Amino acid sequence: MTNNQKEKLFSNKFIQKFLDNESTKSLENNYKFAEIASSLAFYLKSFSNVNKLLDYICLIFKYIFYDKIILIIPLNFEGEIWNENVRISANNQSLTIQKEINSFFKQFQFSKNFKIKEIPTFENSLKNNFKEYKIETSKILSRGKCRGFIYIFNKDISSQSIIEDHNFNFIQNSLALGLENHSLIKTKKKHENVDREISTGAEIQSQLLPDYCPTIFGVDLAAHCRPALQLGGDYYDFMCLKTNISEKRKEKARWALVIGDVMGKGIPAGLLMTMLRGMLRAEVLTGLPPDRILHDLNQLAINDLNQSHRFITLFYSDYDPRTKKLRFANAAHNPPLLWKSLDQKIIKLDSEGYVLGLQKDAQYHCGEIKLHENDLILYYTDGVIDTSNTLGERFDEERLIQIFTKLCKQSYTSQEILNKIFKKLDDFTGQNRHLEDDASMVVFQLK
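Residue numbers (my numbering): 1 to 447.
Check before you lean on any hint, since a few could be wrong.
Below, simulated DSBU-like cross-link-like pairs (lysine-lysine); rule was C-alpha separation at most 35 Å, straight line [claimed, not checked]:
hint, residue 1, residue 2
1, Lys189, Lys139
2, Lys189, Lys106
3, Lys447, Lys370
4, Lys117, Lys155
5, Lys52, Lys134
6, Lys324, Lys252
7, Lys155, Lys134
8, Lys250, Lys370
9, Lys325, Lys242
10, Lys242, Lys345
11, Lys345, Lys423
12, Lys248, Lys325
Cβ pair distances, simulated, as ranges [said to hold, decoys possible]:
hint, residue 1, residue 2, range
13, Asn167, Lys145, 17 to 27 Å
14, Arg394, Glu80, 40 to 50 Å
15, Lys423, Arg292, 33 to 43 Å
16, Gly392, Ser125, 51 to 61 Å
In case anyone wonders, no lab produced these hints; they're calculated from the structure. Given the structure is predicted, the values throughout are model-derived calculations rather than measurements. Yeah, the Cβ is synthetic: ideal placement off N, Cα and C, and Gly gets one too.
Put together the whole structure using the sequences plus the hints.
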């Protein structure tokens, strides 16, 4: 059979002609059945319309099991009764009973949130209303999941069951496959829509992170965030504490440098990160010291964080280019690593404080340090040290300190140091392996 002939066989007009035909010819001829089976296989391969599939299944049922009345109740891709696609296969001598079954089905009240366990109630009611018929039941199953139900009505109570008939099983399995295909297509479209929304969200979120590092007098800055998923929960930012001044004057003004991490990753973490950014930017403009900034931020965010069952770690610092003093407060974030060029050693910048969103009356402490020429600070999130390789080994803080120490002893720019640490991270995790968590780093170097 050519493709054109098969496409003609699938047309609604052709199907309706067969359904209206009063011929009682059976399809006992194996070749004829093979032809129809071939057409059905072709249809499933080029699946596009579930309505035509159901009509075609009814057509086949009618001509193979001419004396049977067959009710098909499919479930849609959400597992609900698919009312508009319920079909009845019957010959023209059974129009009366066909109408009665149709009427009964429409009158039966399935609950809005249909559950398969309701079906026995429907089946008992069906058998009570049509006692003069022998009614057989068969589930339409695909990959262990119920895709619908088939009910076979037979006037002759002593007649042989068709449930085990190989022709019936073939048609039923083909129907199950078609319904599954339809469900997969719907699910795929749904996922594509979600993916588009996530991509849009990721694009917006990427615009919230600084696209470039600001010019701060005497400072060389570099920063990068690598999310594990499209949307991430890591956050870093640079904010001038003075507004309405020229760009030239901003270079010598006090700057806030902050890095944070929302528990988890993906969409929920990304949304909370966006919320945090808005709150923090408003707080920074108050000019309060770091400990007060974190205290007020915790007060503002705690209700939203409680409801989301998440928390945020955050390291907040501000730097004054005129005095070279860095003030800082820590909400349980990974302490940044400070390379002291005069002592040729690394110390951790840390101060006492709780995560944001955990304790309403949390207190934070402010630290302060004077920086010197060639001092470097590495701000980072736990996605850097928690990433693992194929052996299950963590990158860990010790390894990061060793790598950072070696790089600080060389004459590298902040961007070069940042690139080399990420390269070491990639080499450690292995080829084609993604990070398990969002990883962000900021390198601050005093010229």
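Those earlier numbered hints the structure runs against, lowest number first: none
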